[in-house]
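Quick note: the sequence shown uses our numbering, first residue -13, plus one each step.
Don't read these hints as lab results, they were simulated from the structure. Computed from a prediction, not measured in an experiment: that's the story for all the values here. A virtual CB, placed ideally from N, CA and C, is assigned to each residue, including glycine. There could be a bad hint or two in this list.
To be verified - With beta-carbon atoms standing in for the labels, derived distance ranges:
| no. | residue 1 | residue 2 | range |
| --- | --- | --- | --- |
| 1 | A327 | G132 | 46 to 56 Å |
| 2 | E29 | S194 | 52 to 62 Å |
| 3 | R105 | A327 | 22 to 32 Å |
| 4 | M238 | V141 | 36 to 46 Å |
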Amino acid sequence: MSKTVFNGLIILTLLAVATAFMLGRETPSTDASPSSLLLPQLEDQVNDVDWLRVSAGGETIATARRDGTAWVIDEAGAYLADWDELQRLLSGLASARVIEPKTRNPDYHGRLGVEDPARPGAAGVLVEFQPASGLPGVIVGRQAQGREGQYLRLVDSDQAMLVDREFDLPRTIRGWIESDVIDIADDEVVEVAITHSSDNVVVARKVSADDEDFVLQDVPAGMEPRTEWAVNSLAGGLSNLTAEEVRPADEMDWDGAVRYRVVTADGLLVEAQAVSLPADGDRDEGHWVRLEAGVYTTALDSASEEENAALTTGRAQEVNRRVRGWAYRIPKSTFETMTTAMDGLLEPAVVEQ
């Protein structure tokens, strides 16, 4: 290596070190001193916050607001917000302390993920509060590398800061809604019915609630179930059901919906109507359900007992309180379980010689 090239490499190295030093060690502002709270105003009024908006790349992700005792998301038709996610965000911002001020130079903001969040492709997520609250918006940038903390910047300041908290904010509306819809464990279920049309119905039931396996009903002559697992899996359509998206149910066309119904050992009946929507513009193909619960009093003798019937009725009412009027986009695999056809469960029977 020539002396000229070697000297050039030394100069480039020194410039890189100087740039990194300037990026991390700019003169701190009076409102960003180490160990100070990032948002001292929020610490005092965190319990009074009743509105916030999360956006990225100039597009709103979710607008959350308090509605009575609950939080809802406007972009999901005022469906319930994920309170745990909101609580983590609010408590994290209220308790975040500045580890050290970083750069004031906007040219370097992009490296920390705290550039103007309205720019397409911006790395940061903007959190805004009600203007009347007096709280500044916060740009949540990248997590620090090789150390704890995350880079943030208040929108009314050029000063980037490293704080002692880390945030992992969802960049889709799915992460801000209450995604848990219903959980009917498959071992609770004693009967499943899938109705495609009046002459195309799949029914599987247990002879006794204590049985492990379901018996497929009305199997055509010369055919038999492919596997016990395939039949038993029909009961799992409402087990830990989660939503990928939520809409008001009356905004959708339910003509031709497949009806998926389960009955539990205590007489709870839950029916889902399932439809598949084609891709539309920027939206991918979607699989949607709406739900309704009731009491199937003739399912088992125990369901007719007064005490058990009251408990089951209360359970059905709680389900309806949560789901009535809403449509849920669900995973394709769950949709396929709910819409299984009889021919997908059968194979020619083996004739013993």
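Evaluation of the provided hints:
Restraint check, A327 to G132: a C-beta distance of roughly 55 Å satisfies the suggested window 46 to 56 Å. The supplied range of 52 to 62 Å is met by E29 and S194, whose beta-carbon atoms lie about 59 Å from each other. Distance hint check: the CB atoms of R105 and A327 are about 49 Å apart, inconsistent with the given range 22 to 32 Å. In this structure, M238 and V141 meet the distance hint of 36 to 46 Å, their C-beta atoms being roughly 38 Å apart.
Hint violations for this structure: number 3 only, all remaining hints satisfied.
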